[in-house]
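Number of protein chains: 2
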Amino acid sequence: MYDGIIQDLIDEFGRLPGIGPKSAQRIAFHILQTESFDVARLAQLLIDVREKVRFCEICGNVAEEATCSICRDPRRSPVSICVVEEAKDVVAIERTREFRGLYHVLGGAISPIDGIGPDDLRIAQLLGRLGDGTVTEVIIATDPNLEGEATATYLTRLLVQPGLTVSRLASGLPVGGDLEYADEVTLGRAFEGRRSVQR
Amino acid sequence: MYDGIIQDLIDEFGRLPGIGPKSAQRIAFHILQTESFDVARLAQLLIDVREKVRFCEICGNVAEEATCSICRDPRRSPVSICVVEEAKDVVAIERTREFRGLYHVLGGAISPIDGIGPDDLRIAQLLGRLGDGTVTEVIIATDPNLEGEATATYLTRLLVQPGLTVSRLASGLPVGGDLEYADEVTLGRAFEGRRSVQR
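First to last, the protein sequences are chains A and B. So in the working numbering, the last spot in the first sequence is 250, and the numbers never skip. So in the working numbering, the last spot in the second sequence is 250, and the numbers never skip.
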């Protein structure tokens with residue numbers, strides 16, 4: 052144990068996800084000893100992130116105004132909505148450059164064990180966006196785990212309406228992976244979703 | 052990429068040692084979304100650690116006063132000094148409860164490749180502490196790597212003086228380790244330092 056402040060700083064970093072006691076110590080000493088590290092800037096950002104960052108009124112993505120930069124972008128196609136669990140997923144999909152429509156962030160997934168039901172997610176807001184018939188495609192991109200699958204199944208049943216296509220992301224072998232090391236569920240899905248390569 | 056502040060916070064966390072882009076993102080969202088995480092406290096500690104934490108005038112350990120809590124402690128034996136590279140090493144040794152003397156933090160190790168020579172370390176201050184003959188034992192506890200060994204060898208030669216015992220920590224197999232997986236240098240040292248178990 053150290054004297055006062057440095058130990059308090061180590062403890063505080065240790066409360067963050069993925070930072071164990073050794074890393075917390077290394078970070079605290081780095082901050083103490085690295086003159087070029089701007090402590091005032093990090094301190095201000097910590098305050099600002101809580102005060103100024105909010106969630107888009109339309110899609111639930113992170114935003115610093117009432118709506119996020121994607122919802123405000125006139126170049127994005129308003130006919131298709133990709134439904135994700137978290138704002139982090141929006142960034143992951145944006146990185147692929149495969150999708151030019153809009154998003155809807157649920158704020159989690161259905162998980163009875165954690166006491167999260169459909170009413171705790173932004174599902175009513177999603178239905179609200181589908182009301183005027185502009186949206187013709189909903190792509191469900193929840194996580195490929197138990198909670199994500201349950202949420203996707205729930206939404207699939209809920210979104211049956213004329214003129215609306217609902218799809219889900221493909222499951223299968225990860226690109227660059229080794230077939231030998233794929234778990235049986237993934238391999239089973241890859242079989243199930245096999246595509247004809249003959250013309 | 053996100054809008055403004057959240058991305059700035061992710062970038063700032065990404066500058067810290069051992070935090071990659073994914074972890075930085077996870078931490079930033081945790082801070083944004085976890086109401087119970089006290090951002091004001093972490094922000095204040097960041098400012099305080101630079102303003103209030105300094106280094107002990109005697110040993111170079113971290114301190115919030117002119118001297119550290121170990122140097123001020125009258126129960127610590129003033130006859131032996133354990134020489135370490137960093138303040139972190141003091142904590143590691145304190146945890147063993149094996150040593151009840153004082154410390155001397157060099158502030159690094161001799162490393163020609165990084166441009167660190169003996170004059171960049173707190174070696175003159177160490178010699179100053181040995182002047183009045185109170186100290187009879189110096190234990191060199193630098194890291195068991197190239198730089199630490201070079202520093203230990205340098206100090207060993209420098210500290211030849213009557214009435215002063217100089218020792219170094221034992222090298223050998225780590226407790227709980229597997230002989231099979233020990234590298235050859237460690238295994239070689241373990242042979243070299245073998246101890247008779249017969250009486």
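Everything labelled a hint here was simulated from the structure, so no lab data went into it. Just so we're clear, the structure is a prediction, and the values are computed from it rather than from any experiment. Careful, some of the hints might be misleading.
The list treats identical chains as one, so a pair stands whether inside a single copy or across any two.
[Unchecked claim] Straight-line C-alpha distance at most 20 Å; calculated SDA-like pairs for lysine to any residue:
(1) K103 <-> P125
(2) K103 <-> A91
(3) K103 <-> E86
(4) K73 <-> R146
(5) K103 <-> R92
(6) K139 <-> F80
(7) K103 <-> L181
(8) K139 <-> S162
A quick look at each hint next to the structure:
1. Proximity of K103 and P125 under a CA criterion of 20 Å is satisfied in neither setting, with 24 Å inside one chain copy and 51 Å between copies.
2. Both within a single protomer and between protomers do K103 and A91 lie at most 20 Å apart by alpha-carbon distance, with minima of 17 Å and 14 Å respectively.
3. Taking CA atoms no more than 20 Å apart as the test, K103 paired with E86 passes between copies only; the shortest distance there is 14 Å, against 28 Å inside one copy.
4. For a Cα distance limit of 20 Å, the shortest separation of K73 from R146 across copies, 14 Å, qualifies, whereas the shortest one inside one copy, 32 Å, does not.
5. For a Cα distance limit of 20 Å, the shortest separation of K103 from R92 qualifies both inside one copy, at 15 Å, and across copies, at 18 Å.
6. For the identical chains of this complex, K139 and F80 are inter-copy neighbours only, at 8 Å across copies versus 30 Å inside a copy, given an alpha-carbon limit of 20 Å.
7. Neither within a single protomer nor between protomers do K103 and L181 lie at most 20 Å apart by alpha-carbon distance, with minima of 29 Å and 56 Å respectively.
8. When the C-alpha separation of K139 and S162 is checked against a cutoff of 20 Å, the pair qualifies only within one copy, where the shortest distance is 19 Å, while the shortest distance between copies is 42 Å.
Hints 1 and 7, counting from the list given before, are not met by this structure.
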